[in-house]
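Trainee: Now for the letters of each chain:
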Amino acid sequence: MSKRVLLGLLLTCALTASALAQEPKTGGVINAVIQPEPPGLMMAMIQNGPTQMVSGNIFEGLLRYSPKLEPMPELAESWSVSEDAKTYTFKLRKGVTWHDGKPFTSADVLFSIEMLKQTHARARNNLAQVDKVEAPDDYTVVFTLKQPFGPFLGIFEVGSMPMVPKHLYEGTDWKTNAYNNAPVGTGPFMFKEWQKGSYIRLVRNPNYYEKGKPYIDEIYWQIIPDAAARSVAYETGKVDVLPGGSVENFDVPRLSKLKDTCVTGAGWEFFSPLAWLWLNNRQGPLADKRVRQAIMYAIDRDFAKDVIWNGLGKVATGPSASTIKYYTDDVPKYPYDPAKAKALLKEAGYKGEKIRLLPLAYGETWQRWGEAVKQNLMDVGMNIETISTDVAGGNQKIGDWDYDIAFTYLYQYGDPALGVGRNYVSSAIAKGQVFNNVEGYSNPDIDKLFADGAVATSDTKRKEIYEKAQKVLVEDVPVAWMLELQFPTIMRCKVKNLITTGIGVNDGFKDAWLDK
Amino acid sequence: MKQFWKSMLKSPSGVIGLIILLLAISVAVFGPLLFPNSPWRMVQRPFLPPFTLSTVPLGTDALGRDVFAGMIFGARVSLLVGLVSTLVALVVGVPIGAMAGYFGGKVDDALMRFTEFFQTIPSFALAIVLVAILQPSIYSIVASIAVVSWPPVARLVRGEVLSLRTREYVQAAVVTGQSNSWIILREILPNALSPVIVLASLMVATAILLESSLSFLGLGDPNLISWGYMVGAGRTVIRQAWWITVFPGVAILISVLGLNLIGEGLNDALNPRLSREGR
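Chains as they are written, first to last, in UniProt numbering: chain Z, 1 to 516; chain F, 1 to 279.
FYI, nobody ran anything at the bench for these hints, they're computed from the structure.
Careful, some of the hints might be misleading.
Said to hold, decoys possible - Pairs of lysine to any residue residues, derived as SDA-like cross-links and limited to a Cα-Cα distance of at most 25 Å, are as follows:
| id | chain 1 | residue 1 | chain 2 | residue 2 |
| --- | --- | --- | --- | --- |
| 1 | Z | K340 | F | V43 |
| 2 | Z | K397 | F | V43 |
| 3 | Z | K431 | F | I133 |
| 4 | Z | K132 | Z | I223 |
| 5 | Z | K238 | F | R239 |
| 6 | Z | K468 | Z | K342 |
| 7 | Z | K516 | Z | L258 |
| 8 | Z | K314 | F | N37 |
| 9 | Z | K354 | F | I133 |
| 10 | Z | K351 | F | R167 |
| 11 | Z | K354 | F | Q135 |
| 12 | Z | K342 | F | N223 |
| 13 | Z | K342 | F | V43 |
| 14 | Z | K346 | F | V175 |
| 15 | Z | K342 | F | Q135 |
| 16 | Z | K340 | F | W40 |
| 17 | Z | K257 | F | R45 |
| 18 | Z | K342 | Z | T328 |
None of the values given here were measured: they were computed from a predicted structure.
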């Protein structure tokens, strides 16, 4: 009893203290950079990074995720899991309306799932274990799974499963629906206008279901194609927020030192982007495991981190980023060791065959990184030829398996079953795709481990399975893991509460406010 | 020939231009022997300012690569691209112009419309498109520069041939029954050559600029270092490290200036009448 009172008191004190310290103010306009200009804003059909960043304010998912990747309520206010871990029941929030005033109900959820299965490759994959989805009433949705699927609660983030208004899309041709250009969601901000090549303007949703939120009146997403001009726009005060990746890395230290500037690396926990080199396991010298190991030894990844990424990020130890569940660093290690790389190449009988390297055409940083890796590999005697191409051309070559080494980075989505396994299991080999198992690695043991891991129910069992999978993969080097990337968000200190979840800026400006 | 060198050496701009060109060529030929290491190698800490370490006299770039080594290897690429693409442009442009001027009539019409087709497209835009389609490599760069720079050669040669065509010694050659190709090659072209040589020296300069611009835009050969690439790569860090862009930029400036001076000197030497009137 006394304990409970004390706890209650402490809690009240803590709440008042935090309320005193952080009483959000309403009003104001935020200018943020969006890079590059998104191809469109209809999240159910387009999943590019910039689309997610802008549309995360317009659309919402059933859940959002804390920096520790625990599920938090969004459109679903509560959820329960059955004993056998095969039935998930979501209770939807009441009183939620679409931007056009129509109420949001379970019918919208059922419709969205049907639509996403056709338009959203990753959602389709995530929903593969779902047997049926039902809506017993307007505010309840029940998912029944074919078999238990450990990471199931991790697939409801807005970018993975955005909710789409049934009354505007049902019975129309989705691709040509006029609302793709003026999207209607349930989110804290409403689409207002898009001046192509200039800015995208969102305005406050006055009927938002969380009373008082959002605090900001308007958001302008400024489109500035040149990296140097983006830094200048921040320095001159034209923009207040530079989301991760929108300025070049060597500008980060300079901008961070500016007055009233706050920098944070938070808000990427859910995605945990991991950079690696696709190694084409199918043909040529790279089909030999020893050559692939030699590549790992030959590349100075600390140099890449310290110089090319300005000390941001972390050297990757294997297929999982360290923020992902069941990560282990108890795997074979590949320190920078050119002598060992040379020895391995010699042992494998490599005789200077030409190896094509495809850098990622995402700007300066990636170009410099490509040059550094090329030099590292040439230093141990590999004959590297850089192929220079644009993003579309690079995707084409990777999709056609017409490469030897290619740069990439992929999101991990919190759980090895969602973001890691797809890159190594043989069922994910398919010509034409630029993600998933592009390297052509095929190992029945790994297939079995990931298949078991996805449906194992106990945490200890899953841990054991995934740790084993990591060891096997790191020994085989199907791809050359480089860095866990970190994309710092740079903003004026007066912008408060911008990043509150593990999804970061992509989760919208729902809680953000301006301290004027 | 002696006469030519004499007047060439009399013109101060020609002498300065020649000195610059000889210097650039010797750097391109012998420089890499002094710097056996690849210019792509990371040798020192990044952003090292110039004149601080004698091993890297001009400092290092964003990855710690030697700017001086880059400039020396870059000279090779820039000069090579300039000379080879000009040669290719001459090989294409001179015959077309000569044929158009010599045969006249329908042949002239057809060839000149074809030439104009290339002249109406902005040359730099065409070069960018060609390199982008063919994938950036030293061959596609030389080819695209040659493609955009032959039309002026063709027009110039045509004009010269048109005026020489009516001279008596050419008429005489026709009357004596010599073949067309013989007349063009032995009678007309040697006399039309001097303005072409002047033009060619300026074309080399333009080609170096074109190659630099392409590399600056990231359309250079990714396996070869060039001055334009260095300027382009250093552009984004110009506020932290001016030396990465300035030194290769100065190299481009000086070599283009040198070639222009040579062009002027050649003009003086090959057109004695013109130069005498000028003084």
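Trainee: Next pair to validate is Z/K516 with Z/L258; report whether the Cα-Cα distance is within 25 Å.
Mentor: Holds, at roughly 18 Å.
Trainee: Z/K340 and F/W40: Cα distance at most 25 Å?
Mentor: OK: Z/K340 and F/W40 at ~22 Å, within 25 Å.
Trainee: For the pair supplied as a hint, Z/K431 and F/I133, confirm whether the alpha-carbon distance does not exceed 25 Å.
Mentor: 24 Å, holds
Trainee: Quick one, are Z/K346 and F/V175 close enough, alpha carbons at most 25 Å?
Mentor: 74 Å, violated
Trainee: Does the structure keep Z/K132 and Z/I223 at a Cα separation of 25 Å or less?
Mentor: 42 Å, violated
Trainee: Next pair to validate is Z/K314 with F/N37; report whether the Cα-Cα distance is within 25 Å.
Mentor: At roughly 30 Å apart (the allowed maximum being 25 Å), F/N37 and Z/K314 break the hint.
Trainee: Below or equal to 25 Å on CA atoms is what counts here, so check Z/K238 against F/R239.
Mentor: Distance ~20 Å between Z/K238 and F/R239 Cα, so the pair holds.
Trainee: Compare the distance between the alpha carbons of Z/K342 and F/Q135 with 25 Å, and conclude whether the hinted pair is satisfied.
Mentor: Violated, at about 31 Å.
Trainee: Are the Cα atoms of Z/K468 and Z/K342 separated by 25 Å or less?
Mentor: 29 Å, violated
Trainee: For a C-alpha distance cap of 25 Å, please report whether Z/K354 and F/I133 respect it.
Mentor: The hint holds at about 23 Å.
Trainee: Does Z/K342 pair with F/V43 here, judged by a C-alpha cut-off of 25 Å?
Mentor: 20 Å, holds
Trainee: For the pair supplied as a hint, Z/K351 and F/R167, confirm whether the alpha-carbon distance does not exceed 25 Å.
Mentor: 64 Å, violated
In the structure shown, a violation is registered for the earlier hints numbered 2, 4, 6, 8, 10, 14, 15, 18, in ascending order.
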